[in-house]
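Colleague: Residue-level listing of the chains:
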Amino acid sequence: MSKPMIEACGIDKTFTLRRDGRLVEHRALKTVSADLHEGEILGIVGESGSGKTTLSRIMIGIDTASKGEILFHGDRVATRREWRDLRRHVQYVFQDPFTALCPTMRIGKALAEPLAIHGIGSREERPARVARMLEMVGLHPDMAGRLPSQLSGGQRQRVNLARALMSEPKVLICDEIVSGLDVSVQAQVLALLLDLQKRLGLSLIFISHDLRVIRYLCDRVLVMYLGEIVEQGRTDEVFAAPKHDYTRRLLAAIPDRDRPAHHSPIDEALK
Amino acid sequence: MTMAAHSPDLDEGEARAGFLARHELPVSLVAGGILLALILAAVVLAPALAPADPNAVDLKVIRRPPSAEHLFGTDAIGRDLFSRVLYGGQVSLLVAGAGMIGSLTFGAVMGMLRAFGPWFLRPVVDRMIDIQLAFPYVLLAIAITSAVKPSVPVLILLMVLAGWAGVARVVRAIALQERAKDYVKAAEILGASGLRISLFHVFPGVLPGLMVLAAMQTAAMIVFEATLSFLGMGIQPPTASWGGIMLEGKDYITSSWWLTTFPGLAILMTSLSLVLIGDGMEARSERLRAKETEA
Chain A
286 MSKPMIEACG
296 IDKTFTLRRD
306 GRLVEHRALK
316 TVSADLHEGE
326 ILGIVGESGS
336 GKTTLSRIMI
346 GIDTASKGEI
356 LFHGDRVATR
366 REWRDLRRHV
376 QYVFQDPFTA
386 LCPTMRIGKA
396 LAEPLAIHGI
406 GSREERPARV
416 ARMLEMVGLH
426 PDMAGRLPSQ
436 LSGGQRQRVN
446 LARALMSEPK
456 VLICDEIVSG
466 LDVSVQAQVL
476 ALLLDLQKRL
486 GLSLIFISHD
496 LRVIRYLCDR
506 VLVMYLGEIV
516 EQGRTDEVFA
526 APKHDYTRRL
536 LAAIPDRDRP
546 AHHSPIDEAL
556 K
Chain B
104 MTMAAHSPDL
114 DEGEARAGFL
124 ARHELPVSLV
134 AGGILLALIL
144 AAVVLAPALA
154 PADPNAVDLK
164 VIRRPPSAEH
174 LFGTDAIGRD
184 LFSRVLYGGQ
194 VSLLVAGAGM
204 IGSLTFGAVM
214 GMLRAFGPWF
224 LRPVVDRMID
234 IQLAFPYVLL
244 AIAITSAVKP
254 SVPVLILLMV
264 LAGWAGVARV
274 VRAIALQERA
284 KDYVKAAEIL
294 GASGLRISLF
304 HVFPGVLPGL
314 MVLAAMQTAA
324 MIVFEATLSF
334 LGMGIQPPTA
344 SWGGIMLEGK
354 DYITSSWWLT
364 TFPGLAILMT
374 SLSLVLIGDG
384 MEARSERLRA
394 KETEA
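Residue numbers (the numbering used here), protein chains in the order written: chain A, 286 to 556; chain B, 104 to 398.
For reference, chain A alone in the conformation it holds in the complex (with noise of 0.2 Å):
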C-alpha cells in the first residue's frame, strides 16, 4: 500500500472542565490513531462526543493534541510554519454554513483570498478563477458579488467547498458538512463532492453520524464510540458483517432498514 498522506499517531486530547467548581478532566480521546491513502475517502462515524470532531480539528491544526502527533507525507507536523505548509495541502469544511463564511464579506472576495495569501496567479487572473470555481461547484458566477446573508444554506455550503479548493488542495476534511441541509440539498451537495472528488483526485476525510451518508460515499470507515476508534474497514464490510457491538447497534439505528421498499428522500436522492 502507498505511504499515507497524512497520518494521526497515537492522539489523546484532554479537556479541563469546570464541574461545580470543581475542575473535572475529560479525555476525548485515547491514543487514536488513524491514516488517509492518496485518492481515498475516509468516513468517521459515530455518535455526538464520541470525539471524530475533535480528532478532525487535530489533524488540520485548530486544537492541539495533548500527546501523539500529525504526520504529512510521513514527517512531523510541529512548528507554525508546518503547519502553513500543510494547510495549504490539507483544508477544512465546516459544519454550520452560516458561520464559516465572514458576514461583511462579499463571495468574491473571500473566495480569491486564499489566492491571495498563498500568492497564486496574478492579482488579475484571480477573478477568472473565482468564476471557473463558482461555476465547478455548480453556482452562478454573478454569485461574486453577493454577501453571504443572501444565500441559502446549500449555496453557502457550496461556497465553503468552493474556497477550501482554491489553493488547490489535497486533501480536503468535510466536518458534517451536509448536517444542517434540508435532505434534497444534502443529496445535491453530496453528489457534488463526489464528482468534484473525482475530477480533482483529491483525499477526503467526511465526518458524518449518518451512516446511510457513508455507505453511499466513503471507501473506508472508522466507527469512534466515547474517544476510541472501536471498529475500522472497507464500507462494505463493515456494514455487511460489523463486528463490534456498537456497530451494529449504529446499524440497527438506520430508519428504514428493514424496510427497502419504502425508502426515505435521501435514499432516493442519492441514486
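Please note: incorrect hints may appear among the correct ones.
Keeping only pairs whose Cα atoms sit at most 30 Å apart, straight-line, the calculated DSSO-like set for lysine-lysine is [to be verified]:
no. : chain 1 : residue 1 : chain 2 : residue 2
1   : A       : Lys455    : A       : Lys315
2   : A       : Lys528    : A       : Lys352
3   : A       : Lys455    : B       : Lys288
4   : B       : Lys163    : B       : Lys288
5   : A       : Lys352    : A       : Lys455
6   : A       : Lys315    : A       : Lys352
7   : A       : Lys288    : A       : Lys315
8   : B       : Lys252    : A       : Lys394
9   : B       : Lys288    : A       : Lys315
10  : A       : Lys455    : A       : Lys483
11  : A       : Lys315    : A       : Lys483
12  : A       : Lys352    : A       : Lys288
13  : A       : Lys352    : B       : Lys353
14  : A       : Lys352    : B       : Lys288
15  : A       : Lys483    : A       : Lys394
16  : B       : Lys288    : A       : Lys483
17  : B       : Lys353    : B       : Lys163
18  : B       : Lys288    : A       : Lys394
19  : A       : Lys394    : A       : Lys528
20  : B       : Lys284    : A       : Lys394
21  : A       : Lys455    : A       : Lys288
22  : A       : Lys455    : A       : Lys394
23  : B       : Lys394    : B       : Lys252
24  : B       : Lys353    : B       : Lys284
25  : B       : Lys252    : A       : Lys315
26  : A       : Lys528    : A       : Lys315
27  : A       : Lys455    : B       : Lys284
FYI, nobody ran anything at the bench for these hints, they're computed from the structure.
Values in this document were obtained by computation on a predicted structure and should not be read as measured data.
Given chain A, put chain B in place with the hints provided.
Modeller: Just chain B, lined up with the frame of chain A:
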C-alpha cells in the same frame, strides 16, 4: 374597481414613497444630521455671521438682555454674547471632534490588539483598560492641567485619554465574540495572518458599532470639554469656549439668565443632534440587516 386596476396604483405609491423610506433613513438620523449641519455651519461661518469681535469690550452696554442689536445680549464687560457663542463653538467642537477621532482610533487599535495581537500584549491591554476606567478622568484632568498650561492640544490629549478605554472595551467585546466563530477559524486554516483576519474579516463587522459610538462619544466629549472649561481647566480666557462662557456667566445667573442659558443651549443642541444621529445610525444598520436577509 378590480384588483388588477389597483396594483399599478400601489406600485406607483411605493415608488413615490418618501425619499427617507426608500433609502432606509430613520427620521432621527435626518433630524440629528440637519441640526448638526446647522450648528457646524454657524460655527464654521462665525467670522461672517458674528456681528462683533468676540473679545471686543464695550463698557457702555454691560449685561444687556437679548435685543435686536445683541441677539443673545451682552456679558459683564459688554462683549456680544452671540459672537462669543459662535466663536466659542469653534474651540469646543474642534476639541471634541479631534478628541473623538483620537480616542476612537486608539481605542479600536487597542481593542483589536487585545483580541488578535500577540499573546504577551493581551494582559497588558486588559490592565491598561482597567486602570484607565478605574481612574476618575476629572482627577486626571486636574493632574495634567496643573502640570501643563491648558491649551487646545493638551485638551485634545485629555479627551483621548478619557475616551479610549470605553471604546477599547466595546471593540474588545465584539472582536472576542467574533474570534470564536468558525469564519475566523476558516480564515486561519486558509493561512490568513492575525493582521489580515482583524483588518478584513472582523473589523468591517465592528465598524457600524463604532460609528454609533463615535456620535455618542462626541456628545460626551462636548460635555466633558464644557465641564473642564467650567472648572477653569479648559481654554483660558479671553478665548471663548462654551463651558468657559458659562463659567463667566455663573455669578450673574440670578440676574442675567442669558449668560448661561445660550451657551448651555448650544451644548444641549449639539449633544442632542449627535445622540439622534447615533440612535438613527443604529436603527438604520438594523433595518439594512433585516432587508438584506429578506432579499
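Colleague: Each of the hints needs a verdict: does it hold here or not?
Modeller: Going down the list of hints, with the structure as the test:
no. : hint                   : result
1   : A/Lys455 with A/Lys315 : 28 Å, holds
2   : A/Lys528 with A/Lys352 : 28 Å, holds
3   : A/Lys455 with B/Lys288 : 20 Å, holds
4   : B/Lys163 with B/Lys288 : 74 Å, violated
5   : A/Lys352 with A/Lys455 : 26 Å, holds
6   : A/Lys315 with A/Lys352 : 10 Å, holds
7   : A/Lys288 with A/Lys315 : 24 Å, holds
8   : B/Lys252 with A/Lys394 : 51 Å, violated
9   : B/Lys288 with A/Lys315 : 25 Å, holds
10  : A/Lys455 with A/Lys483 : 12 Å, holds
11  : A/Lys315 with A/Lys483 : 33 Å, violated
12  : A/Lys352 with A/Lys288 : 23 Å, holds
13  : A/Lys352 with B/Lys353 : 73 Å, violated
14  : A/Lys352 with B/Lys288 : 22 Å, holds
15  : A/Lys483 with A/Lys394 : 27 Å, holds
16  : B/Lys288 with A/Lys483 : 27 Å, holds
17  : B/Lys353 with B/Lys163 : 21 Å, holds
18  : B/Lys288 with A/Lys394 : 17 Å, holds
19  : A/Lys394 with A/Lys528 : 49 Å, violated
20  : B/Lys284 with A/Lys394 : 19 Å, holds
21  : A/Lys455 with A/Lys288 : 14 Å, holds
22  : A/Lys455 with A/Lys394 : 23 Å, holds
23  : B/Lys394 with B/Lys252 : 52 Å, violated
24  : B/Lys353 with B/Lys284 : 55 Å, violated
25  : B/Lys252 with A/Lys315 : 68 Å, violated
26  : A/Lys528 with A/Lys315 : 20 Å, holds
27  : A/Lys455 with B/Lys284 : 26 Å, holds
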